[in-house]
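Chemist: Put the two chains together into one complex, using the hints given.
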Amino acid sequence: MIRFIINRLLQGLLVLFALYTITFFLAKAMPGEPFTTEKNISEEAKAYQRALYGLDKSMLEQYVRYPINIITEGSFAVSTSKGRPVRDIIAQSFPNSLILGLSALGIAICIGVPLGVISAMRKNSWVDWGSMSIAMIGICVPAFTVGPLLQIYIAAHLPGLKVAGWGSPIDIILPALTLGLTTAAYLARLTRGGMLEILSQDFIRTARAKGVPSNELITRHALRGGLLPAIAFIGPSFAALISGSFIVETIFQVPGMGQHFVNAVIARDEFLLLGVALFFGFLIVMMNLAADILTGVLDPRVRLESNQK
Amino acid sequence: MTNQITDTEAGTSLWKDAWLRMRKNKIALASIMVFTVTCFFCFVIAWFCKDPNQVNLVNKFSGPGSEHWIGTDALGRDLFSRILYGGQVSILVGLIATAVSVTIGIIYGALAGFFGGKVDAIMMRIVDTLFSIPFLMIVIVLQAVLSEWSRETSAWIVTNLNWDKGFTDRITNVLPLFFALGLLGWLTLARIVRAQVLSLKEREFVEAATSLGLSKLTVLFRHIIPNTLGPTVVYATLTVPGFIMYEATLSYLGLGVESPNSSWGILIKEGANYLETNPQLLIFPGIIFSITLFALNFLGDGLRDALDVRASKD
Chain P
1 MIRFIINRLL QGLLVLFALY TITFFLAKAM PGEPFTTEKN ISEEAKAYQR
51 ALYGLDKSML EQYVRYPINI ITEGSFAVST SKGRPVRDII AQSFPNSLIL
101 GLSALGIAIC IGVPLGVISA MRKNSWVDWG SMSIAMIGIC VPAFTVGPLL
151 QIYIAAHLPG LKVAGWGSPI DIILPALTLG LTTAAYLARL TRGGMLEILS
201 QDFIRTARAK GVPSNELITR HALRGGLLPA IAFIGPSFAA LISGSFIVET
251 IFQVPGMGQH FVNAVIARDE FLLLGVALFF GFLIVMMNLA ADILTGVLDP
301 RVRLESNQK
Chain G
1001 MTNQITDTEA GTSLWKDAWL RMRKNKIALA SIMVFTVTCF FCFVIAWFCK
1051 DPNQVNLVNK FSGPGSEHWI GTDALGRDLF SRILYGGQVS ILVGLIATAV
1101 SVTIGIIYGA LAGFFGGKVD AIMMRIVDTL FSIPFLMIVI VLQAVLSEWS
1151 RETSAWIVTN LNWDKGFTDR ITNVLPLFFA LGLLGWLTLA RIVRAQVLSL
1201 KEREFVEAAT SLGLSKLTVL FRHIIPNTLG PTVVYATLTV PGFIMYEATL
1251 SYLGLGVESP NSSWGILIKE GANYLETNPQ LLIFPGIIFS ITLFALNFLG
1301 DGLRDALDVR ASKD
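Chains P and G supply the protein sequences, listed in that same order.
Heads up: the first sequence at position 83 corresponds to 83 in my numbering, and the numbers run straight through without jumps.
Heads up: the second sequence at position 125 corresponds to 1125 in my numbering, and the numbers run straight through without jumps.
With the rest of the complex left out, here is chain G (with noise of 0.2 Å):
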């Protein structure tokens, strides 16, 4: 019964109407496109590259060519199969660890408004609190702390369970990042969804089922949650370029991804040191990078664009 109502409203549901204003950004459907073509290259090309980890000391620093399309690294590594590989943590890191903020602030946001009362005020004051904490010195600590437990974790793996070391190293170095930036960037997500957990619930839908004699958690997960969808989708958007952006300061830094694993930020600092001879080192990273920003910020623009129902009025 309740398949059928929502279907026959189904037409003008909120994403419905996003899609179709999003469709008329051209900018939003182009960076929707550039960031698609990225991850396909990233993830599915890359796999047909030359092996990034490759040295070949006789052939460094060669400019492009038939061999290699961008030219080689001042160890005769590929640089265009090292750009996608580096693509792929830092393309991962934004996204997992979005993933990770996203979950923690919604479930925080939402009890905190679901709640109200002294609860709220509580959840509320901590993450005031937590918000005037220097963001990067907290992950660079944090980050150093868990590389320490992920390095224990990846040598326990390969003595007792056998694991192939290469692949477990890889693994467990990028581990700690997803974690150091996803637990510490949830502050502003969860204060979005709690302001729009306060004003859902007084809705008569949430009352409505209420009524019907659903417990409070089915209310809030079934039926609050996904109303608050728009604005944090918006939100996430918008942390992930934030996110990869993070991840290349810690590896810039030497705090962050370490071989064999790279990222964009460590070819930008490797490039950086050649940059008055071989400025392609620099260049080639640094424009992928920025394309790839650039992208996901102007997509959250279009994102909000098309989901801010009130901006929609103008």
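Extracted from the complex, chain P is given alone in its bound form (with noise of 0.2 Å):
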């Protein structure tokens, strides 16, 4: 188990950098100037902004330069629309991220879970035909349709709920719920087809044969393998609803990550742009080595061909 974590581990750390070096070439072939402003900046200062950014410097050495500043000083250098260290800005932003990503990971367990054993369990009947066609629906409908209507006719008819704004812990229930709608609606397909297969093999059938509950069949017996899939989803999902919020956080003026990036690239900001691609992809890597894990866990038939290894 410890040989496989390491193992995975170096091979995050090779994701990370192709992440970098992927990134970090769109972002200096990207067009256009990190400090342009409305104001007429003259040649030098401009010269000067970017030798104090280390810009100046050849491509190769800047390449080098970074990672390298990251491991030796923890430093991920300057945002150059912001003025500020990028390690700052994702310290005061990501935890308003993380809360959103996880509200909205819980919600769409609570409702894609449920829902998928239960059409599992009622296979082709009206409760499984109902509760696919809304999974279908969650994930057909956009997020940026979703959350202005939630803001027009559920924020501005409760008491309490406010359209947009970040502040008291109430504001977080319509974000996470429009972010975690399409999480939840995937998560409802995969549950019902991963119980499914294990519904239909043969231990099942012995089970049902020796007379074990309705009930108890599910909660013991098919629920541990059912949820394989789901759980294999949920790993990468989270980083993605961390990271894919970009929406979200537009409609409902989260401060959190997600707009970090889009303002970025808009800006020509590439050490922002750079530092929120990495952080994500860390989250990622992590996320998704957590999931294999957990599947280790659960599934015998995974661990053994691990230890085989």
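Incorrect hints may appear among the rest.
[As the list claims (entries may be wrong)] Listed next, the in silico BS3-like pairs over lysine-lysine satisfying Cα-Cα at most 25 Å (straight line):
#: 1; chain 1: P; residue 1: LYS57; chain 2: P; residue 2: LYS28
#: 2; chain 1: P; residue 1: LYS46; chain 2: P; residue 2: LYS82
#: 3; chain 1: P; residue 1: LYS28; chain 2: P; residue 2: LYS46
#: 4; chain 1: P; residue 1: LYS123; chain 2: P; residue 2: LYS210
#: 5; chain 1: P; residue 1: LYS123; chain 2: G; residue 2: LYS1060
#: 6; chain 1: G; residue 1: LYS1024; chain 2: P; residue 2: LYS123
No lab work stands behind these hints, which were simulated from the structure alone.
Modeler: If you want it as structure tokens, here you go:
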């Protein structure tokens, strides 16, 4: 197991390095200048600023220097558009994204998994058909339609809920709901598929033949295997919930990390771009690893495979 | 000679079988209908509609009526034709980006599976690595890079080839989207095709083709790849709505399609601004968008059920 984890961590480093390389060169290929403002800045001032941020060095030197600075000084450079260290910007906005992502994931699991289990238990009934249609709606209606609709028809009419903003804990509800619905829909479909596959297997038939009651059959025997596809999906999707919340953050004006990434692209702020991208990449690597470990714990077949290797 | 043999066996071909199964699936058939009708409206009826960019500030926010069937937007533009023209871009992005990604995915996966060994290991390790990279982020940055190139190309074409500026801008504005999505969306397909090729290349018909003296590449492209098309078609069908959604997301963030082009994502974004006073501006594009995605997803599911021989045994 430890060997497996070390192996995966090394692979994760490779992923981060590839992500860094791709983002770095794409950022360099992006058109435009980082220090463009409405005021006319003289060429000398621009050159001075470039030197200050180390952008006057050769491409190769910049490419090598950035990761070295991260490792030796823990410094993610300074954002050219905000004039603040990228590390501070991330440290300030990440908690918001994390809270939003966690709540969304919680909502998604609470809605998606039961929906999928119930559908699988009553396969081809109207319950199954209905909940799978709801799940499909969750996949097909985009967050930027759901969000505004919730704002106008829910937030504006319920006391306590704000249309947009981020301050009191109650403000989390609507953005988290908007963000979580799509994931809930995917989870429902995956859970249904996983449960159906398990329920058709011999050991379930044996258990049923031995007279295990239906509820116990589900909770004790089927859930463990049936949830595997959903768990494999939760890892990456959690990272996606945190990183993919650009839209929801824009709609509900949440001061999270997603907006910084979009703004960085628009402002040609390569250090902020690299910092946020690497941070998200790191999250995804860790979440995938966590999902793999959890799968190994739950599924003896996977455990066996990794031991044999 | 070979033709005759395949002709007599055509009765049991995968596609015919699949079509027979598909015909029983009412939801899938309805989905085909819905998508065909949507395409017909967007690509044929649209030419007979009003100019989607005709601004008429006197007549803004007009409700549904005989002049403008479902009303006008904040600039007095006809919403109906804007939805149809926006649909052109959205659907084309979905289809062409899928075509790009499918082409890359098939070739990449087939080569990895066919050559096997070290080549396969290295190629698949690259795919594994790319898989962990946040997709939407790279699409956003790549889109920014490609847009600038396409703007330069557009300017070059207008000055040097004397093309119509409006037309050139419309084309070059959507090209980056096709490629930004297509160049990054092929990973899953490469894995699927590779797995197929790995098992197919051990089969007798491949041995037969090789022993007839066909070259390796001919065997791969003429005999192995056509046999991987089943899963490919299923996956590609499910990719289209995904790409349409990505396009809308990018456009919503202001990083995708730009005026004079419009897309469903842009219409929804514009509509969201006036939701309180004129909800139809969000609701109509939102409904069309969702219905199209609905149809494509159900079609993909139906195709999977129809083509998945394993599932059909139950």
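Chemist: Hints the structure violates: just list their numbers, smallest first.
Modeler: Hint 5 is the one this structure does not satisfy, whereas the remaining hints hold.
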